[in-house]
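Colleague: These protein sequences, in sequence, are chains U and X. Its first residue numbered 18, the first sequence is counted upward by one per residue in the working numbering. Its first residue numbered 394, the second sequence is counted upward by one per residue in the working numbering.
Any given hint could be a false lead.
Said to hold, decoys possible - Pairs of lysine-lysine, DSS-like flavour, derived with a Cα cap of 25 Å:
no.: 1; chain 1: U; residue 1: Lys233; chain 2: X; residue 2: Lys416
no.: 2; chain 1: U; residue 1: Lys191; chain 2: X; residue 2: Lys414
no.: 3; chain 1: X; residue 1: Lys406; chain 2: U; residue 2: Lys191
no.: 4; chain 1: X; residue 1: Lys499; chain 2: U; residue 2: Lys390
no.: 5; chain 1: X; residue 1: Lys414; chain 2: U; residue 2: Lys233
It is worth saying that the hints were derived from the structure and are not from the lab. These figures come from a predicted structure and were not determined experimentally.
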Amino acid sequence: MSNDHISRENTDRVVSPYPWAPGFYPGDRPQIVTSRFQYDDAYTLERYHATGGYEGLRAALAKSPSEVSEEVKNATLLGRGGAGFPAGTKWGFTPQGVWPRYLVVNGDESEPGTYKDRLLMECDPHQLIEGCLIASYAAGLSQCFLYIRGEMALAHERVAAALDEAYAAGYIGKNILGTDFGVDIVLHTGAGAYVVGEETALIESLEGERGMPRLKPPYFPAAVGLYGQPTIVNNVETLANLPFIAKEGAAAYTAVGTATSPGTRMIAVSGHVVRPGVYEIVNGSTTFRDLLYGDEYCQGIRDGNDLKAFVPGGGSAPWFTADQLDIPFEGPQAGAAGSMLGSGAVMVMDSTTDIPAAALSLVRFYAHESCGKCVPCREGGTWLYRLVQRVVDGHGTDADLQTILDVGQSICPGDMPHASSERLGLDAVPFPYKMTTICFVGPSAYVPIHSAMTLFPEDFDALVTKRGERRSIPVMAGAGE
Amino acid sequence: MSRLSDHNVIVAKEIIARYPKPKSALIPLVHLSQQQNGYVTDDAMRHVAELIDVTPAEVYGTASFYEMFRFEPTGKYLVNICGTMSCQLMGAESLMHHAEHTLGVKAGSTTSDGLITLQHAECQAACTEAPTLQVNYRHRYRVTPEAFDELIADLRSGALDAEIPPHGTLGRNRQQIPADRTVGAPDPDDVTEGPAWIQVSPA
Ligand SMILES: Cc1cc2nc3c(=O)[nH]c(=O)nc-3n(C[C@H](O)[C@H](O)[C@H](O)COP(=O)(O)O)c2cc1C
Ligand code: SF4
Ligand code: FES
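Work the whole structure out from these sequences, hints included.
Modeller: Below, the structure is given as structure tokens:
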């Protein structure tokens, strides 16, 4: 396979100015969640205090929980875990008068291409803890579980140490800052399973079960979640925004970005760009072109090559090409163009990319991560993986390409979203797809190969043996006539 | 003897007490046993079952779902090379070839001295720093063949002993919740109309 050149250049690539925050590049832009990344000791309580830490919590505790909750609602803080649902609205889905209710922090970051929650946990754990406390106060939560992906040893150490400091300083536990408000934050460790990032699977896992998503409805764990009680699940980055909102107010937050996508968001750009990295961008108005080509961001495609394609929102997102570069980070616009913004992960492929091999790496991922609960995902994912592997290995036929599409149809029936292509004269099919599975893992196994085959049919044609029309052998009634 | 040690039983009981239901401690306790023994043994799973009052089959049922739990002896260092898209685009396959060649084992196996287990892995949330690998879940970024060789030499010589604890140990520190500060885990079956800290006024 040809995406296969680790070169010495890797070591010569520009490295981020803060070696303790690998991959992160600051810029001349508003910093809401990464403001402390410039300090190599940002993870300590001392530094946190010196830089305005826990002032958001103080400001929140001076108000009533419903006022804080209202402030978050007014900020239109969109969830950063993938679905982009407003946090304030989600908190409102908890039923009246039912306690205890729980907060589960989704720190399971494992969507291909996504790298931001781990940075936030390693570099600024107190900001996350403060966010958890503000959310617990605003939504009246009884206990908080901070679920960190198992494969993040350093994040564990940093968050555990920060929690110990915060307990000792009176920020967590009983009578926080001398008020009646009290909540525990428990650090919980995952053990390696992508699907556990899905919120109902996360809850199953936290109950000590196999991490399989629950059947919907109920659609939101806010109604029925952990131990059957109302439960808020929020992503790490979502919560990391709360100290700012509590301290500076919703108006200061919505002053950045656009009305429908306010604030900033962290985006990881990986693959064939000059300066791959994690950038805190202004939400809503920044375009993919800014991000991929801007001097402050990725500085263009490596080696002066052309852009072939990019994945705009994590491995589950349908692919874009240069035709979509001017789309901004605005969910509905990405949706209309046939994809989604997902988890803030952009993976870039230049003109030298072996497209089928790249797609295979994602199909294999999702096939491998199927929990096995639904047949279309469990069987279909494996079929897709085997078929694509065969095609990539050069043993496939044109019939295999058709079978890939047929298997895909059984996971996502009907029109499959994809980007438009001027080159091929294709119109976009908007996101989302229909699905026969409980969660998005099944469809995600099909998405990359569907995008690749739709946007680059010639790359697949060149790989397979043409078998042509199957010849039917005429059966004669009377032989020898 | 691979049941939890007396010390670890004390740690286990502290962990269990943090959760509203003991079974929630299942995964953390299996991690604890893996930290003690280097992998997950049958005896340890029986012991965890006793501690959280479920059957051993339930412990195995859950534990076998998760990739970090290993049910057979594993090298002191588990080297996981990422092969997902961002790393694949940046040459993960050559890195894996190089690793197999250098270590003289195929991915999925352990070197004959029992020191290093090599594995294929999926996205490690370090995609901008591809190609990446993890040693006992600690990252190494932009790994070149030379950097890989250096890493292996350092692991063999013990130069990284302080930085990278043996397989099974996740963090060198563990959260401690002080007894005088904790609110305690609210029982989900004890349903009330408001959190303890908000005065619920009778309607
Ligand atoms: C298969 C799958 C994997 C997911 N993985 C993650 C993840 O790793 N981290 C995350 O925060 N959300 C993940 N999500 C989204 C969560 O289900 C949930 O929407 C999110 O944690 C809610 O938080 P937010 O509203 O703050 O974004 C995943 C969803 C699916 C379907
Ligand atoms: S779609 Fe796949 S991962 Fe999701 S619940 Fe079904 S089988 Fe499990
Ligand atoms: S793809 Fe290798 S770290 Fe994400």
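Colleague: Which earlier hints turn out false for this structure, listed by number in ascending order?
Modeller: Of the numbered hints given earlier, the structure breaks just one, which is hint 4.
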